[in-house]
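**Q** All chains, please: the whole structure from these sequences, using the hints.
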Amino acid sequence: MPSLHAHVPVPDRGAILTKATLRAAERLDISGRLLAEVLGISEATISRMRSGDFTLPDGSKAFQLAALLVRAFRSLDAITGGDEAVARAWLTTSNLALGNRPVERITSVQGLVDVVAYLDARRAPI
Numbered sequence: 111m112p113s114l115h116a117h118v119p120v121p122d123r124g125a126i127l128t129k130a131t132l133r134a135a136e137r138l139d140i141s142g143r144l145l146a147e148v149l150g151i152s153e154a155t156i157s158r159m160r161s162g163d164f165t166l167p168d169g170s171k172a173f174q175l176a177a178l179l180v181r182a183f184r185s186l187d188a189i190t191g192g193d194e195a196v197a198r199a200w201l202t203t204s205n206l207a208l209g210n211r212p213v214e215r216i217t218s219v220q221g222l223v224d225v226v227a228y229l230d231a232r233r234a235p236i
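Heads up: the sequence shown begins at 111 in the working numbering, then just goes up one per residue.
If you're looking for bench data, these hints aren't it; they were derived computationally from the structure. Remember, it's a predicted structure, so these values are computed and weren't measured experimentally. Positions of the beta carbon are idealized from the N, C-alpha and C atoms, including for glycine. Among the clues, some could well be false.
What the hints assert, rightly or not - Here are the in silico distance ranges between beta carbons for each label pair: (1) 203 <-> 169: 25 to 35 Å; (2) 117 <-> 194: 13 to 23 Å; (3) 231 <-> 154: 29 to 39 Å; (4) 211 <-> 188: 46 to 56 Å; (5) 121 <-> 207: 29 to 39 Å; (6) 231 <-> 117: 41 to 51 Å; (7) 170 <-> 220: 10 to 20 Å; (8) 193 <-> 230: 17 to 27 Å; (9) 147 <-> 117: 38 to 48 Å; (10) 137 <-> 230: 10 to 20 Å; (11) 203 <-> 227: 16 to 26 Å; (12) 231 <-> 196: 10 to 20 Å.
**A** In structure tokens, the structure reads:
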């Protein structure tokens, strides 16, 4: 009788988040240069991510920032009903509540946290 605990593959969180981050950036039209700035890594590393030669190390600062970016994307996607044009427009339009264009805010850790909090509040108002 085979063991219930036989070889069960463990998902590679870094690989999963790397793929999700690249997909979110693509759908939001975030350039490699901007994505590198958001994640605090080099543009060359973004290129290696795209080619599959690099995955975000689980628990690293870049991993944590990528998780926030994906969370922001998911909230924005839900709010816009999946309309990428509307999501891209929101990202590049001045926002009084955020004090700047969201695309400008996400380049700092605090700005990215503020954008996520803003979108979370909009997504699920009390």
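**Q** Run every hint past the structure and note whether it holds.
**A** For each hint, the structure was consulted:
1. 203 <-> 169: 25 to 35 Å: Between residue 203 and residue 169, where Cβ atoms are some 34 Å apart, the hint holds.
2. 117 <-> 194: 13 to 23 Å: violated, 39 Å
3. 231 <-> 154: 29 to 39 Å: Given about 36 Å between the Cβ atoms, the range holds.
4. 211 <-> 188: 46 to 56 Å: violated, 21 Å
5. 121 <-> 207: 29 to 39 Å: Cβ of residue 121 to Cβ of residue 207: about 36 Å, so the range 29 to 39 Å holds.
6. 231 <-> 117: 41 to 51 Å: Holds, at about 43 Å.
7. 170 <-> 220: 10 to 20 Å: Roughly 19 Å apart at Cβ, these two residues keep to the hinted range, so it holds.
8. 193 <-> 230: 17 to 27 Å: Check passed, 19 Å falls within 17 to 27 Å.
9. 147 <-> 117: 38 to 48 Å: holds, 40 Å
10. 137 <-> 230: 10 to 20 Å: 19 Å Cβ-Cβ, so the 10 to 20 Å window holds.
11. 203 <-> 227: 16 to 26 Å: holds, 18 Å
12. 231 <-> 196: 10 to 20 Å: holds, 18 Å
Hint check: violations occur at hints 2 and 4; the rest are consistent with the structure.
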